[in-house]
Amino acid sequence: ETGVTQSPTHLIKTRGQQVTLRCSSQSGHNTVSWYQQALGQGPQFIFQYYREEENGRGNFPPRFSGLQFPNYSSELNVNALELDDSALYLCASSARGHEQFFGPGTRLTVL
Amino acid sequence: EDQVTQSPEALRLQEGESSSLNCSYTVSGLRGLFWYRQDPGKGPEFLFTLYSAGEEKEKERLKATLTKKESFLHITAPKPEDSATYLCAVLHPYNTDKLIFGTGTRLQVFP
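Quick mapping for you: the protein sequence lines, in order, are chains A and B.
Heads up: the first sequence begins at 267 in the numbering used here, then just goes up one per residue.
Heads up: the second sequence begins at 464 in the numbering used here, then just goes up one per residue.
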């Protein structure tokens, strides 16, 4: 059974640019959640997708957007990058209402 | 406001020295409490789910317990490989699968 995978592993962007992060969910899971983790902090919920629809959103501006595809993989898009967007971005997959299993994360650095 | 507080922020133990990590939560109606282990620069690894007061779960040297206001992660005779950050999270009471995380306890076990 393949676990949650994320790409890329690391990414360096400059302020104002746009970025797309990708996540493949674990087999049998239909829900994907995205989290942002700043250094020394716990993960903060960005949003969640269930069956290709957004199913809840945290306190993040609209420049954070996402997609979920029919195979339940997902993308996180961030427009107009700011320095404070530098963080570890985590994707978690689950069968809805059950434990969330996290991928290895994408480390984004904004210069 | 729904929130999770973990203590201590950091803990240094001698190998074999047992201790406990605390997670206190304020949420209107607990739907689930989760413990994760996170190694530096990696995604959180699922450990336990607890649903109701009095529930206990064990895995190797770890044991998680739950009361109506807090959870404890007991570590018995820890080894250096148990060194990691331990994160506690609760399910948001209304937003289906949103996890609310604490800031974690950084555990160091030295020989």
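Do not rely on the hints blindly, as some may be mistaken.
Claimed, not checked - Facing chain A, a subset of chain B residues (Cβ under 8 Å, in silico):
| # | residue |
| --- | --- |
| 1 | Y514 |
| 2 | K561 |
| 3 | G565 |
To be verified - Label-pair ranges, simulated between beta-carbon atoms:
| # | chain 1 | residue 1 | chain 2 | residue 2 | range |
| --- | --- | --- | --- | --- | --- |
| 4 | A | E319 | B | E518 | 16 to 22 Å |
| 5 | B | A540 | A | G282 | 35 to 41 Å |
| 6 | A | G269 | B | T539 | 43 to 49 Å |
| 7 | B | Q477 | A | E318 | 48 to 54 Å |
| 8 | B | E523 | A | G363 | 25 to 31 Å |
| 9 | A | Q283 | B | Q477 | 44 to 50 Å |
| 10 | A | N343 | B | E478 | 31 to 37 Å |
| 11 | A | S273 | B | K542 | 32 to 38 Å |
| 12 | B | A540 | A | L277 | 21 to 27 Å |
| 13 | A | D350 | B | T530 | 23 to 29 Å |
The hints are simulated quantities; they were obtained by calculation from the structure and are not laboratory data.
Owing to the predicted nature of the structure, the values given are computational and were not obtained by experimental measurement.
Built from N, CA and C at the ideal position, the CB exists for glycine as well.
#### Entry: Distance restraint hint 25 to 31 Å, applied to the beta-carbon atoms of E523 of chain B and G363 of chain A
27 Å, holds
### Message
Taking the Cβ atom of A540 of chain B and the Cβ atom of L277 of chain A, is their distance within the range 21 to 27 Å?
### Response
41 Å, violated
### Query
Is 31 to 37 Å right for how far apart the beta carbons of N343 of chain A and E478 of chain B are?
46 Å, violated
### Range agreement (Cβ of E518 of chain B with Cβ of E319 of chain A, hint 16 to 22 Å)
Violated - the Cβ-Cβ distance for E319 of chain A and E518 of chain B, about 32 Å, lies outside 16 to 22 Å.
### Task
State, for the Cβ atoms of S273 of chain A and K542 of chain B, whether the hinted interval 32 to 38 Å holds or is violated.
33 Å, holds
### Task
Evaluate the given range 48 to 54 Å for the C-beta pair formed by Q477 of chain B and E318 of chain A.
Cβ of Q477 of chain B to Cβ of E318 of chain A: about 51 Å, so the range 48 to 54 Å holds.
### Message
So, as I understand it, the hint says K561 of chain B touches chain A; can you test that by seeing if any CB pair is closer than 8 Å?
### Response
5 Å, holds
### Query
Measuring from beta carbon to beta carbon, are G269 of chain A and T539 of chain B in 43 to 49 Å?
28 Å, violated
### Query
Regarding A540 of chain B and G282 of chain A, is the given constraint of 35 to 41 Å on their beta-carbon distance met?
Violated: the Cβ-Cβ distance is about 52 Å, outside 35 to 41 Å.
### Task
Hold the hint about G565 of chain B up to the distance rule: shortest CB distance to chain A must be less than 8 Å.
Holds, because the Cβ-Cβ distance from G565 of chain B to chain A comes to roughly 5 Å (cut-off 8 Å).
#### Entry: Pairwise beta carbon distance, Q283 of chain A to Q477 of chain B, judged against the given window 44 to 50 Å
48 Å, holds
### Closest C-beta approach of Y514 of chain B to chain A relative to 8 Å, hint status
This hint is violated: Y514 of chain B lies away from chain A, its Cβ roughly 11 Å from the closest one there, beyond 8 Å.
Checked against the numbered hints given earlier, this structure breaks hints 1, 4, 5, 6, 10, 12, 13; the rest are met.
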